[in-house]
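Enquirer: Produce the entire structure from the sequences given, and follow the hints as far as they go.
Line order of the protein sequences matches chains A and B.
Counting with the UniProt record's numbering, you get residues 1 to 313 for the letters of the first sequence.
Counting with the UniProt record's numbering, you get residues 1 to 249 for the letters of the second sequence.
Simulated from the structure, these hints should not be mistaken for laboratory data.
Only a predicted model underlies this, so the values are computations on that prediction, with no experimental measurement involved.
Keep in mind that a hint or two might mislead.
List time: in silico BS3-like cross-link candidates among lysine-lysine, alpha-carbon distance up to 27 Å [stated by the list, open to error]:
1. A:K280 <-> B:K195
2. A:K56 <-> A:K82
3. B:K196 <-> A:K273
4. B:K32 <-> B:K195
5. B:K32 <-> A:K171
6. B:K32 <-> A:K273
7. B:K111 <-> A:K310
8. A:K311 <-> B:K52
9. B:K241 <-> A:K211
10. B:K196 <-> B:K52
If you want the footprint, here are the derived chain B segments under chain A, 3+ residues with CB under 8 Å [claimed, not checked]:
11. 48-56
12. 93-103
13. 113-123
14. 225-238
15. 241-247
Where a beta carbon is used, it is the ideal one built from N, C-alpha and C, also for glycine.
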Amino acid sequence: MSILVIAEHDNSSLKQATLSVVAAAKAIGGDIDVLVAGENVGAVAEAAAKAEGVNKVLVADNAAYGHFLAENLGELVAEVGKGYSHILAAAGTTGKDFMPRVAALLDVAQVSDITRVESEDTFVRPIYAGNAIATVQSSDSIKVITVRPTAFDPVAAEGGSAAVEQLDVVKDAGLSVFVSEEKAESDRPDLSSAGVVISGGRGMQNGENFKMLESIADHLGAAVGASRAAVDAGFVPNDMQVGQTGKIVAPQLYIAVGISGAIQHLAGMSDSKVIVAINKDEEAPIFQVADYGLVADLFEAVPQLEEELKKVV
Amino acid sequence: MKVLVAVKRVIDYNVKVRVKPDNTGVDLANVKMAMNPFCEIAVEEAVRLKEKGIATEIVVATIGPKAAQEQLRTALALGADRGIHIETDEEVQSLEAAKLLKGVVEKEEPKLVILGKQSIDTDNNQTGQMLAALTGMGQGTFASEVVVEGEKVNVTREVDGGLVTVGLNLPAVITTDLRLNEPRYASLPNIMKAKKKPIDSMSPADLGVEVAPRLSTLKVEAPASRQAGVKVADVAELVDKLKNEAKVI
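Expert: Written out as structure tokens, the structure is:
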């Protein structure tokens, strides 16, 4: 078997999610090649070559791939991937965008958002917003798969020494152009890969109050998240949303502040190692999944928490 | 211009999902069904394009059993002009759904096809992208804003870490994210009017598509449940437990 992993990156650095996808590829078994498609991606290719377990890094370096347009990536990956038994990418917004195009061009089904590998053709994935877990078997000759990165421990970023090979396949479908982007600026770690996440819900009352959480996050090196209720209320931008329709996170420590624990939120964070809930409503469903629950007014508890943390960390 | 919207009948999002005791699937017997929430957003966006004078006709299509006509009627009540029902009792997976919709696109030749980004039952997030690839169209997935200008459409997409805007040639496929719009409720007069709007029925065979599934579901289980832990008395106890018991800080 031979597996093609599509690297997730921002043209300058390799995203950790890629290392988790390589881990999923290792669980399937076989030679693992990584495709780095983008523009001026030398550093990304170098990083991919060092990842544990990678056999070969293929580089498609062209302006056509610089903004990860699905139409161009879809054609490229279908062309490069047709000789492999499996094509894997992270189930982030980039992978979700282009991978179904790859599957359609190869006339195969896609298995989305897998959380476990049972065998080379059988995979486990959540359905119904994580309220049910399905085990599915693919009968296609090429398996096109997106992987939930938080479900697989990343392989080591260093230690490998894969060969790097330049491809001169240029696929510009001419159907779409990049217009603009608005990136959320932050020095904090990325939500999906942070070791500690502190999230606020409707109980935060407004966006200004999120500063209390940011201050604790900066102290712990944590990322700040939010429930859908807080996002819909306009407290914080949508890219902070943790939940089935937002980011799926699985940190070592997840602190939920003023979050009731709607099913859609739980689907996005219940794989966290340790969950702390602070809520004044002791009946809030979040307490049913929390390892440590504190029934308290968050406006008193959060400043105290910051003080206590400063004593010990 | 003509807009095609595809909608799916799914379990109502307010219903608590229960896995069948024999682990063959989710129990749908006597469960309330509804239009997939992302599809409602797709219908709403099409209706708004018509209200702005950009869309001239809205065709709504669905694939599913006879009962899926209810969801077509809902879309017609919300403002779609006519329906297409591809009737089948078989399980239709994303690739086959995309092939069926490709058949509809070839018949109807819409300038814009709008779908939900995913259905809340299978959570696949595939059909729109597959349809775009099969028909050679560009795609604006996870849309939070759609601006049509002449023969182009600019779509602002919700992506990891922010927003990205792409420009697409028409015809194009758009899939909706949650914040694109807030769907309206159908008024009673519009519900009555919708009963008279035409629905054209056809079979997958009429469109020349074999719908046999490529993926077989071996089993469906309830997720491992997380045990509730302990309540702590105050912040000091919480920090102590995190440091000395859980050892996560």
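Enquirer: Hint by hint, note whether the structure agrees.
Expert: Each hint, compared with the structure:
Pair hint A:K280 plus B:K195 does not hold up; C-alpha atoms about 49 Å apart against a cutoff of 27 Å. Distance hint between A:K56 and A:K82 is fulfilled; the C-alpha atoms sit about 16 Å from each other, no more than 27 Å. Using a Cα cut-off of 27 Å, the hinted pair B:K196 and A:K273 is violated, with the two alpha carbons roughly 55 Å apart. Restraint check for B:K32 and B:K195: the C-alpha separation of about 21 Å stays at or below 27 Å, so the hint holds.
For the hint linking B:K32 to A:K171, the alpha-carbon distance of about 46 Å lies beyond 27 Å, and the restraint is violated. The hinted pair formed by B:K32 and A:K273 fails the criterion: a straight-line CA distance of about 35 Å is larger than 27 Å. Restraint check: the Cα-Cα separation between B:K111 and A:K310 comes to about 59 Å, which exceeds 27 Å; the hinted pair is violated. Note on A:K311 and B:K52: the hinted pairing is violated, with a Cα-Cα distance of about 59 Å set against a maximum of 27 Å.
Straight-line distance between C-alpha atoms of B:K241 and A:K211 comes to about 25 Å, which keeps the hinted pair within the 27 Å bound. Restraint check for B:K196 and B:K52: the C-alpha separation of about 24 Å stays at or below 27 Å, so the hint holds. A count of 0 residues in the region 48-56 of chain B with a Cβ less than 8 Å from any Cβ of chain A is obtained; the coverage claim is therefore unmet, three being the minimum. Taking a C-beta to C-beta cut-off of 8 Å, the region 93-103 of chain B contributes 4 residues in contact with chain A, enough for the three needed, and the coverage statement holds.
With 4 residues carrying a beta carbon less than 8 Å from a beta carbon of chain A, the region 113-123 of chain B meets the three-residue requirement, and the given coverage holds. Residues of the region 225-238 of chain B lying with their CB closer than 8 Å to a CB of chain A number 10, which satisfies the three-residue condition for coverage. Counting residues of the region 241-247 of chain B whose CB lies closer than 8 Å to any CB of chain A gives 4, which reaches the minimum of 3, so the coverage claim holds.
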